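Number of protein chains: 2
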Amino acid sequence: MTQTETPATTLSRTLPQTDRTRHSRLREQGSLERSDLEAILDAGFVCHLGVLVDGRPVVVPTVYGRDDTRLYLHGSVASRSLAADPDAPVCVTVTHVDGLVLARSVFEHGVNYRSAMIHGVPRAITDTDEKLAGLRRLTEHATPGQWTYARQPSRKELAATTLLELSLDEASVKIRTGAPDDGDGPDAALGLWAGTLPLTSRWGAPTADPLLPHGIKAPAHIVARAGTRHA
Amino acid sequence: MTQTETPATTLSRTLPQTDRTRHSRLREQGSLERSDLEAILDAGFVCHLGVLVDGRPVVVPTVYGRDDTRLYLHGSVASRSLAADPDAPVCVTVTHVDGLVLARSVFEHGVNYRSAMIHGVPRAITDTDEKLAGLRRLTEHATPGQWTYARQPSRKELAATTLLELSLDEASVKIRTGAPDDGDGPDAALGLWAGTLPLTSRWGAPTADPLLPHGIKAPAHIVARAGTRHA
Chain A
1 MTQTETPATT LSRTLPQTDR TRHSRLREQG SLERSDLEAI LDAGFVCHLG
51 VLVDGRPVVV PTVYGRDDTR LYLHGSVASR SLAADPDAPV CVTVTHVDGL
101 VLARSVFEHG VNYRSAMIHG VPRAITDTDE KLAGLRRLTE HATPGQWTYA
151 RQPSRKELAA TTLLELSLDE ASVKIRTGAP DDGDGPDAAL GLWAGTLPLT
201 SRWGAPTADP LLPHGIKAPA HIVARAGTRH A
Chain B
1 MTQTETPATT LSRTLPQTDR TRHSRLREQG SLERSDLEAI LDAGFVCHLG
51 VLVDGRPVVV PTVYGRDDTR LYLHGSVASR SLAADPDAPV CVTVTHVDGL
101 VLARSVFEHG VNYRSAMIHG VPRAITDTDE KLAGLRRLTE HATPGQWTYA
151 RQPSRKELAA TTLLELSLDE ASVKIRTGAP DDGDGPDAAL GLWAGTLPLT
201 SRWGAPTADP LLPHGIKAPA HIVARAGTRH A
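Protein chains in written order, with the numbering used here: chain A, 1 to 231; chain B, 1 to 231.
Only chain A is shown next, with the shape it has when bound in the complex (with noise of 0.2 Å):
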């Protein structure tokens, strides 16, 4: 999982810590690479979003996009909330399940899994070129080439559209890899097999509209992602 990269921007490549995103717990291992970061907010596209509505946590799954400083999100659920305060912090996060860790004792089973969390206090983008940016990026982060080969939106779409941005500047990683740590421990002896079950998400073929007219092909960026691995 990690990367070495030449810093394309001015930004730190690595995280700052704060008290919600420091890591308390050893045997998770946290990340402080921006890289990291970065690498899984790229792989995914969507995210689970924490908000609080009435005073109770609310977790619904939604669309993201991200440039190099926020992230942008789909969603009517949290519009509503940070409507009834416009200062109400979220939580945001994206997870990658890679397998289950299957060692010999139970006590010691767990999941292979890249997961970043990212808090903060969200903006409603309301200028109309601002949102058209920020749902491209969304839209090709979803599916890279999209934006130029769709039809894009409407002034009417884009004011029916709800966008919110949210910095990434505070943000963890966590991820776990690898075998089950109970190989060199005296459950061993017990001669159990131990390892992992590795879990891979895959793009399929394209499958056309039913009210598609014949001849009409895929497009070659949809075409070239069949079979492709995701995530």
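You can take every hint at face value.
One copy or two, it doesn't matter: identical chains are merged, so the pair holds either way.
List time: in silico EDC-like cross-link candidates among lysine to aspartate or glutamate, alpha-carbon distance up to 20 Å:
{"no.": "1", "residue 1": "131", "residue 2": "157"}
{"no.": "2", "residue 1": "156", "residue 2": "187"}
{"no.": "3", "residue 1": "174", "residue 2": "38"}
{"no.": "4", "residue 1": "156", "residue 2": "181"}
{"no.": "5", "residue 1": "217", "residue 2": "187"}
{"no.": "6", "residue 1": "131", "residue 2": "108"}
{"no.": "7", "residue 1": "217", "residue 2": "181"}
{"no.": "8", "residue 1": "174", "residue 2": "33"}
{"no.": "9", "residue 1": "217", "residue 2": "184"}
{"no.": "10", "residue 1": "131", "residue 2": "67"}
{"no.": "11", "residue 1": "156", "residue 2": "130"}
{"no.": "12", "residue 1": "156", "residue 2": "108"}
{"no.": "13", "residue 1": "156", "residue 2": "129"}
{"no.": "14", "residue 1": "174", "residue 2": "42"}
{"no.": "15", "residue 1": "131", "residue 2": "68"}
Hint data in this document are derived by calculation from the structure and do not stem from the laboratory. Computed from a predicted structure; not experimentally measured.
The hints should help you fit chain B onto chain A, whose structure is shown.
Structure of chain B alone, referenced to chain A:
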């Protein structure tokens, strides 16, 4: 996604509606079938748990299991939150992303998914037998066959394990399947390709712990899973 089942228990097969589970947006397909809730929970093993920490939402991925009426959750974050306020509500969301919905217009783009959201106040399980039964559910949920294969928790390990239960009484389900919605609208005349790009998750071949002595084979319940579809 619809399933017809003979009710095996006295539980209502229709989920009760509350202010929080009532579906407020027509374009999202809510389901009130308990079988849909159960199918979504049974298809995965990692949920996103939203808790309040110092009045802010925190969303953590964690493993879960279930019986007919309750969810079982691993979770130190939730238990810390619970210790601070035993009546603190949580929200658990399980989402399976089935693919991208690629419409003629960016505005109609979306995601095919199955998602279940459970609201409630969790309870920490402290009784030893109850904890053992819950951990068995949780272990067998992620890896059927593993509870009897691996070494089961000792009393000391049980004491060190945090297990919560959460009632399934207040749950809502949302499912989106199928083609984009703009196939019979004015954008159909644009002549653009539209359809879906499916996403499928599969179990790979078991990978032995490098510390495993030669000659110990992976058990049948693990080997049989390789290549099968997840979620």
